[in-house]
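As they're listed, the protein sequences go chains A and B. At position 91 of the first sequence the residue is numbered 91 (this note's numbering), and the sequence of numbers has no breaks. At position 137 of the second sequence the residue is numbered 1137 (this note's numbering), and the sequence of numbers has no breaks.
FYI, nobody ran anything at the bench for these hints, they're computed from the structure. Incorrect hints may have been included.
Quick list of in silico lysine-lysine cross-link-like pairs, DSS-like style, CA-CA up to 25 Å [what the hints assert, rightly or not]:
hint : chain 1 : residue 1 : chain 2 : residue 2
1    : B       : 1023      : A       : 27
2    : B       : 1056      : B       : 1093
3    : B       : 1118      : B       : 1056
4    : A       : 27        : A       : 66
5    : A       : 66        : A       : 33
6    : B       : 1061      : B       : 1118
7    : B       : 1118      : A       : 27
8    : B       : 1093      : B       : 1134
9    : B       : 1061      : B       : 1093
10   : B       : 1093      : B       : 1023
11   : B       : 1118      : A       : 29
12   : A       : 66        : B       : 1134
Which bits of chain A does chain B cover? Going by a derived footprint, with three or more residues having C-beta under 8 Å, they are [as the list claims (entries may be wrong)]:
hint : region
13   : 8-16
14   : 35-45
15   : 66-77
Cβ atoms here follow ideal geometry from the backbone N, Cα and C, with glycine treated the same way.
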Amino acid sequence: MEFNRTDEGNVVVISLSGRLDLGNGGKLKEEIKNILTSGRTSFHLNLGNVEFVNSSGLGALVSIMKEIRIHRGRLTLSDLVDYVQEIFDITQLSHIFEIFNTEEEALRSYQAIGV
Amino acid sequence: MDTRVFRYRSCLESEAQMHNDLKLLLARRGIPNNMQNNILVVVSEAFTNALIHGNKYDSDKFIELSIAVNPEAVTADITDEGTGDLSALHLRKPPELFEENGRGVDLMESIADAIEIKRCGRTGGLQVSMTFEKSRTKKVEK
């Protein structure tokens, strides 16, 4: 899995590609934790190029969301391909994540609250 | 019946290798993409459980993937060499939404057409048998 980081104002945007599973989920958690220690707390994950996700990958995302909330931050997701969206729906995790159709929509939601 | 068997050491790196082997096999057998995705995620869940709960990352132990493609269905077996507790599987409760773990078996049961988990007489570990029928894509229960 590859992580491509860009900063859009105060929002850290990470574009993921490849498989989000047990091994890669752990790497993503470490990446986010390192960024949190630098004081950044607004994160957007673009999952448009994630070709595979399983429950271990989902568990990593839940862990990341909880960690960000401890830091009083916010996590948004976008661009889920149909298959990945289906996995979120089956597990009902689509109810607890803020999921936008596109990265642009997600970033506008940050601007709307002055982030 | 066209059956292939793969064996993997119980280490994290084997997860990616298994995924790549299975994806290539399914593509070569002409399995449609949506069915490939279903098989990949369910087998991956069984593999991860075998790695963590069955063989407990013991690299001296192996995880076996047996996959058979026939005209009606694809069947896959994941077998470990561990001491996983079969009764604990039956007593499990659905995870709370904010739990990080515990979704694997429910996800498998939602996607596969049939799942059977039993003790394997040959290895002593658990064997998860999964069936995916070609005639239909299981309706996702939301």
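Hint check:
Pair hint residue 1023/B plus residue 27/A holds up; C-alpha atoms about 23 Å apart against a cutoff of 25 Å. Between residue 1056/B and residue 1093/B the CA atoms are separated by roughly 22 Å; this keeps the pair inside 25 Å, and the hint holds. Between residue 1118/B and residue 1056/B the alpha-carbon distance is near 18 Å, which keeps this suggested pair within the 25 Å criterion. Taking the CA atoms of residue 27/A and residue 66/A, the gap is about 16 Å. The hint holds against a cut of 25 Å.
A distance of roughly 11 Å separates the Cα atoms of residue 66/A and residue 33/A; the hinted pair therefore holds under the 25 Å criterion. For the hint linking residue 1061/B to residue 1118/B, the alpha-carbon distance of about 18 Å falls within 25 Å, and the restraint holds. With a C-alpha separation of about 33 Å, the suggested pairing of residue 1118/B with residue 27/A is violated against the 25 Å cut-off. For the given pair, residue 1093/B sits about 30 Å from residue 1134/B by alpha-carbon distance, which is inconsistent with the 25 Å threshold.
Straight-line distance between C-alpha atoms of residue 1061/B and residue 1093/B comes to about 29 Å, which puts the hinted pair past the 25 Å bound. Taking the CA atoms of residue 1093/B and residue 1023/B, the gap is near 31 Å; set against the 25 Å cutoff, the hint is violated. Under the criterion of a C-alpha separation no larger than 25 Å, the hint pairing residue 1118/B with residue 29/A is inconsistent with the structure, at around 34 Å. Restraint check for residue 66/A and residue 1134/B: not satisfied, since their Cα atoms lie roughly 39 Å apart, outside the 25 Å limit.
Counting residues of the region 8-16 of chain A whose CB lies closer than 8 Å to any CB of chain B gives 0, so the stated coverage by that chain is violated, three being the minimum. Look at the region 35-45 of chain A against chain B: 0 of its residues bring a Cβ nearer than 8 Å to a Cβ of that chain, fewer than three, so the hint is violated. Counting residues of the region 66-77 of chain A whose CB falls under 8 Å from any CB of chain B gives 1; the rule of at least 3 is not met.
Of the numbered hints stated above, those contradicted by the structure are hints 7, 8, 9, 10, 11, 12, 13, 14, 15, listed in ascending order.
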